[in-house]
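Protein chains in written order, with the numbering used here: chain C, 42 to 437; chain B, 5 to 318.
Honestly, I wouldn't trust all of these hints.
[What the hints assert, rightly or not] Just the calculated beta-carbon pair ranges, DEER-fashion:
id, chain 1, residue 1, chain 2, residue 2, range
1, B, E318, C, D246, 17 to 27 Å
2, C, Q270, B, T147, 18 to 28 Å
3, C, V427, B, E129, 32 to 42 Å
4, C, D248, B, Q150, 50 to 60 Å
5, C, V251, B, T147, 36 to 46 Å
6, C, I272, B, R9, 24 to 34 Å
7, B, Y64, C, Q270, 49 to 59 Å
8, B, N234, C, P158, 53 to 63 Å
9, C, V251, B, K104, 53 to 63 Å
10, B, A95, C, Q241, 38 to 48 Å
11, B, K103, C, N242, 10 to 20 Å
12, B, E19, C, G258, 16 to 26 Å
13, B, T147, C, H46, 56 to 66 Å
Calculated directly from the structure, the hints in this document are not laboratory data.
Owing to the predicted nature of the structure, the values given are computational and were not obtained by experimental measurement.
Built from N, CA and C at the ideal position, the CB exists for glycine as well.
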Amino acid sequence: MPVEHKTVAATGNNMVAEAMRQCAPDVVAAYPITPQTTIVEEFARYVAQGKVRTEYVTTESEHSAMSACIGASAAGARVMTATCGPGLAMMWEMLYIASGMRLPIVMLNTNRALSAPINIHCDHSDVMGARDAGWILLFAETAQEAYDNTIMSIRVAEDPDVLLPVMSCLDGFITTHSIDRAQTMDDESVGAFVGDYTPQNALLDADNPVSHGNFAGLGGPYFEFKRSQRIAMDRSKSVIERVGAEFAELSGRPFGLIETDMMDDAEVAIVVIGSSAGNVRHVAKQMRAEGVKAGLVKVRCFRPFPAAELAAALSGMKAVAVLDRSESFGAEGGPLFMETRSALYDLERRVPVVNYIYGLGGSDVRLDLIRSVYTDLSDIAAGGEVPAGLHYLGAR
Amino acid sequence: MANLRELTHREDRLEGGHRLCAGCGASIAVRQILLGAGTDPVVAGCATSCLEVSTSIYPYSSWKTPFIHSAFENAAATISGVEAAFKGLKAAGKIPADKKMKFVAFGGDGGTYDIGLQSLSGAMERGHDMVYVCYDNGAYMNTGIQRSSATPKGAWATTAEVGVAQQGKTQKRKDLTSIIAAHGVPYVAQGSISHWKDLTSKAEKAFAVDGPAFLNVLATCPRGWRSAYNKSVEHAKLGVQTGYWPLFEVEQGEWKLSSPCKALVKTGRKPIEEFLKPQGRFRHLLKPENAELLAEVQADVDAYWEYLLKRCGE
Numbered sequence: 042m043p044v045e046h047k048t049v050a051a052t053g054n055n056m057v058a059e060a061m062r063q064c065a066p067d068v069v070a071a072y073p074i075t076p077q078t079t080i081v082e083e084f085a086r087y088v089a090q091g092k093v094r095t096e097y098v099t100t101e102s103e104h105s106a107m108s109a110c111i112g113a114s115a116a117g118a119r120v121m122t123a124t125c126g127p128g129l130a131m132m133w134e135m136l137y138i139a140s141g142m143r144l145p146i147v148m149l150n151t152n153r154a155l156s157a158p159i160n161i162h163c164d165h166s167d168v169m170g171a172r173d174a175g176w177i178l179l180f181a182e183t184a185q186e187a188y189d190n191t192i193m194s195i196r197v198a199e200d201p202d203v204l205l206p207v208m209s210c211l212d213g214f215i216t217t218h219s220i221d222r223a224q225t226m227d228d229e230s231v232g233a234f235v236g237d238y239t240p241q242n243a244l245l246d247a248d249n250p251v252s253h254g255n256f257a258g259l260g261g262p263y264f265e266f267k268r269s270q271r272i273a274m275d276r277s278k279s280v281i282e283r284v285g286a287e288f289a290e291l292s293g294r295p296f297g298l299i300e301t302d303m304m305d306d307a308e309v310a311i312v313v314i315g316s317s318a319g320n321v322r323h324v325a326k327q328m329r330a331e332g333v334k335a336g337l338v339k340v341r342c343f344r345p346f347p348a349a350e351l352a353a354a355l356s357g358m359k360a361v362a363v364l365d366r367s368e369s370f371g372a373e374g375g376p377l378f379m380e381t382r383s384a385l386y387d388l389e390r391r392v393p394v395v396n397y398i399y400g401l402g403g404s405d406v407r408l409d410l411i412r413s414v415y416t417d418l419s420d421i422a423a424g425g426e427v428p429a430g431l432h433y434l435g436a437r
Numbered sequence: 005m006a007n008l009r010e011l012t013h014r015e016d017r018l019e020g021g022h023r024l025c026a027g028c029g030a031s032i033a034v035r036q037i038l039l040g041a042g043t044d045p046v047v048a049g050c051a052t053s054c055l056e057v058s059t060s061i062y063p064y065s066s067w068k069t070p071f072i073h074s075a076f077e078n079a080a081a082t083i084s085g086v087e088a089a090f091k092g093l094k095a096a097g098k099i100p101a102d103k104k105m106k107f108v109a110f111g112g113d114g115g116t117y118d119i120g121l122q123s124l125s126g127a128m129e130r131g132h133d134m135v136y137v138c139y140d141n142g143a144y145m146n147t148g149i150q151r152s153s154a155t156p157k158g159a160w161a162t163t164a165e166v167g168v169a170q171q172g173k174t175q176k177r178k179d180l181t182s183i184i185a186a187h188g189v190p191y192v193a194q195g196s197i198s199h200w201k202d203l204t205s206k207a208e209k210a211f212a213v214d215g216p217a218f219l220n221v222l223a224t225c226p227r228g229w230r231s232a233y234n235k236s237v238e239h240a241k242l243g244v245q246t247g248y249w250p251l252f253e254v255e256q257g258e259w260k261l262s263s264p265c266k267a268l269v270k271t272g273r274k275p276i277e278e279f280l281k282p283q284g285r286f287r288h289l290l291k292p293e294n295a296e297l298l299a300e301v302q303a304d305v306d307a308y309w310e311y312l313l314k315r316c317g318e
């Protein structure tokens, strides 16, 4: 059966809720938080209308939401949830437990700034705070990518070679609430793509009782468990690529750990995550019309980190700018900068890399700001000095 | 309910060989309660606690039934997720519609009265078909006898010390059983490891109801109570006989004093000193200079007893 594509006008959250319905999770346990709310509202409507047969658990907090997801996943169910910002922060303890127990939970995160001061808008400080929690981290630029990533996440998480939770991120309000043109696929095609989940060591298999969450201290194998998580995370890279390739065949939309744009002959490049890639692409095209060989590298998968792919893409650049939508106070720069620069360390020829912190708490990512970055890069490429320190893009 | 002879033929779902202390009330509570689950399969959850660390040391497990521990404050939420999975998988046709399973979570008083109260309240309100058991030994025993909101007034604890300026914990214990009863769940009860018949029949009722049930169980901790390990059951019994730990149940909203306590209405309760005396954590309370505090402790017990009689229509 050929895939039936349907073009829709939908927000990122609409697309995610639709993808969740199509993935048919056995359990969703979630707690409402702006700007994730329209996902859980829409999913609740699907439940009420009988469009999905999920057991929907409306918990009293995000901590309990992730705890219930952990119980349900260990029980043998396909489990999904959604949160963001302070909600993700509240889950922090349980994020490590979900990955440590090797539970293939899929969570949507609608990137939101962390307090204080309180702010409901987009930045990546929520997910970047959880970047070492043992979750696979995928990012979407658009509503379409949010839909695609959600579906792929199920396959990646549940792959027997992986069995790790996946966090699929989309930018709060910018992607979650803007209406975009996107395509959905028919239920049967998505259902066939994600397939059935065959759990291992399920709690509900009472004939074969197992204990989950055992104590591994007092000289026990805690260290070895952690190493096995690292091995699974490393192994997930090829699984993500394989699932991405299969998905591309189905959807007609290519997927890579990174996406390169205008990089074939580029001399200067911007590395970015999420919705701002659109702004960067737009400005890069303008710069090219003005004779600047501008390129763009968008990171779609942050964990596992595509270090080799970035090194290959950025090798030979005359100057590179990394845009970080989160702070790492006191560090050399933002998380994406630190990892990207580290990925370039072993290159034969040193590539100058500069870091810009931008868009914190939903601060506008204006085109003239992106232009100023490319202008800086052009100056460096022309032999100008690499400006020291990190730069705040658009801070008043 | 099943008689003692029948119960002895049921399989213990918590195996011996665990690392709990001699005289620990927690394992007694667990075994008595799981006997009440009948023959249906049971998934047991556990908050981080003595019970958890002593029964699940990798690669061993004392649980002859599916078991899950995830963290300290969330045993109720975790087991609610297991129960939700059971429902979800049934709805998906992946588990036969007529399959029966029980779900139970165990937590100590720290993990229940304090850090786990929100998670417990949420699970009770959502109506999961599960039993939550608090084994109440009146302090954070696993971390070294720190006071919790279940610690009785006047008790010594490592964070409620005894000295010239303070005589142990200054606050009364929280009445958690009433708080959970106020959720309007189908079954709530207080039991003690000293009254196996009462406790096992309460567990049977808790597992039988459709919806959430809560059991609060007095469970001796010889380490924390500073009491003789071979007298744990007797010490818990004194808790009941003095009225420190009344046995009662709230069945579909109806409060009932349990028979061992009904008898006390006629015979009268023992003075609270009887409960305090064998426990080193109360030694200072029995000194002449603390007579006033002791009278206060007795008055608190009396007041709670009166409150309970009123609620039970006695």
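Evaluated hints:
At roughly 47 Å, the beta carbons of E318(B) and D246(C) sit outside the given window of 17 to 27 Å. In this structure, Q270(C) and T147(B) meet the distance hint of 18 to 28 Å, their C-beta atoms being roughly 27 Å apart. Our hint of 32 to 42 Å for V427(C) and E129(B) is violated, since their Cβ atoms are close to 58 Å apart. The hinted range of 50 to 60 Å is not satisfied by D248(C) and Q150(B), whose Cβ atoms lie roughly 41 Å apart.
One distance hint, 36 to 46 Å for the beta-carbon pair V251(C) and T147(B), is violated here, with the actual separation near 28 Å. Taking 24 to 34 Å as the suggested C-beta distance range, the pair I272(C) and R9(B) does not conform, at roughly 53 Å. For the pair Y64(B) and Q270(C), the beta carbons lie near 22 Å from each other, so the given range of 49 to 59 Å is not met. For the pair N234(B) and P158(C), the supplied restraint of 53 to 63 Å holds, since their beta-carbon distance comes to about 59 Å.
As the Cβ distance of V251(C) to K104(B) is approximately 20 Å, the hint placing it in 53 to 63 Å is violated. For the pair A95(B) and Q241(C), the supplied restraint of 38 to 48 Å is violated, since their beta-carbon distance comes to about 22 Å. K103(B) and N242(C) have their C-beta atoms about 19 Å apart, which keeps the hinted 10 to 20 Å range intact. Restraint check, E19(B) to G258(C): a C-beta distance of roughly 21 Å satisfies the suggested window 16 to 26 Å.
Under the hint 56 to 66 Å, the C-beta atoms of T147(B) and H46(C), about 57 Å apart, fit the expected range.
Consistency note: the structure conflicts with the earlier hints numbered 1, 3, 4, 5, 6, 7, 9, 10.
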